[in-house]
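Colleague: The primary structure of each chain is shown beneath.
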Amino acid sequence: EAQVTQNPRYLITVTGKKLTVTCSQNMNHEYMSWYRQDPGLGLRQIYYSMNVEVTDKGDVPEGYKVSRKEKRNFPLILESPSPNQTSLYFCASRSYSGANVLTFGAGSRLTVL
Amino acid sequence: AQSVTQLGSHVSVSEGALVLLRCNYSSSVPPYLFWYVQYPNQGLQLLLKYTSAATLVKGINGFEAEFKKSETSFHLTKPSAHMSDAAEYFCAVSSNSGYALNFGKGTSLLVTP
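The listed protein sequences derive, respectively, from chains A and B.
Note that my numbering numbers the first sequence so that position 39 is 100, with each residue one more than the last.
Note that my numbering numbers the second sequence so that position 43 is 502, with each residue one more than the last.
It is worth saying that the hints were derived from the structure and are not from the lab.
This one's a predicted model, so the numbers in the text were calculated from it and none came from an experiment.
Every residue, glycine too, gets a C-beta built ideally from N, C-alpha and C.
Heads up, a few of these hints could be off.
[As the list claims (entries may be wrong)] Chain B stretches covered by chain A per the calculated footprint, using a threshold of three residues with CB under 8 Å from any CB of chain A: (1) 498 to 507; (2) 522 to 530.
[Stated by the list, open to error] Just a few of them, taken from the derived set where beta-carbon distance is under 10 Å, the chain A residues facing chain B: (3) 119; (4) 120; (5) 157.
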């Protein structure tokens with residue numbers, strides 16, 4: 062089944078403890094992206110990757126890092142999480158063919174205490 | 460920059476009534492427009508997309524949307540609401556780069572018996 066898989070789905074952590082949210086897609090998509098969803102703000106893009114070893118900042122990149130060493134994986138790294146990073150995170154991917162349709166993962170709910 | 464505005468953060472309808480969720484876009488170029496739905500504790504699922512082929516777009520689950528350039532609108536409708544339609548709905552437009560999507564803040568649809 063074609064899908065985007067995120068892990069963990071739920072995580073509670075404490076301020077300053079580094080964490081990584083993994084994202085993997087099995088559709089051979091070139092483009093991958095991370096969004097965060099907050100009440101009343103909709104989805105905002107954190108980082109995106111056009112292809113392997115090519116990443117760039119989205120609208121809200123502060124406090125996050127990403128890497129794209131393999132085409133299928135695009136982990137989101139929080140080096141020193143803070144409470145304002147408590148949010149629902151979505152990974153998405155798309156192919157460059159077709160009409161810009163993003164396929165989303167199921168989401169990762171992160172709470173930073 | 461391409462953007463969308465969703466009018467009404469919460470909409471309540473009775474089961475069997477018409478569903479109308481409003482979205483207005485701002486775009487300097489002919490836009491690609493999308494509606495996504497998010498059911499509780501799930502990721503975003505594509506409902507329908509407009510890519511300039513036809514102004515009336517039919518999607519899944521009986522939803523449709525009409526692109527009106529003169530009104531810069533892309534409202535989502537469904538003739539008869541079902542309880543299972545209760546969800547968060549997001550309108551989105553392709554960004555300037557053409558790769559990312561810019562999302563509206565979402566509309567939560569409540570369907571009452």
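Colleague: Each hint: holds or not?
Modeller: Okay, the hints, checked on the actual structure:
1. 498 to 507: Holds: 6 residues of the stretch 498 to 507 of chain B have a Cβ under 8 Å from chain A.
2. 522 to 530: Not satisfied, violated; 0 residues make the cut.
3. 119: 7 Å, holds
4. 120: 9 Å, holds
5. 157: Because about 8 Å separates residue 157 (chain A) from the closest Cβ in chain B, which is inside the 10 Å limit, the hint holds.
Checked against the numbered hints above, the structure breaks only hint 2 and satisfies the rest.
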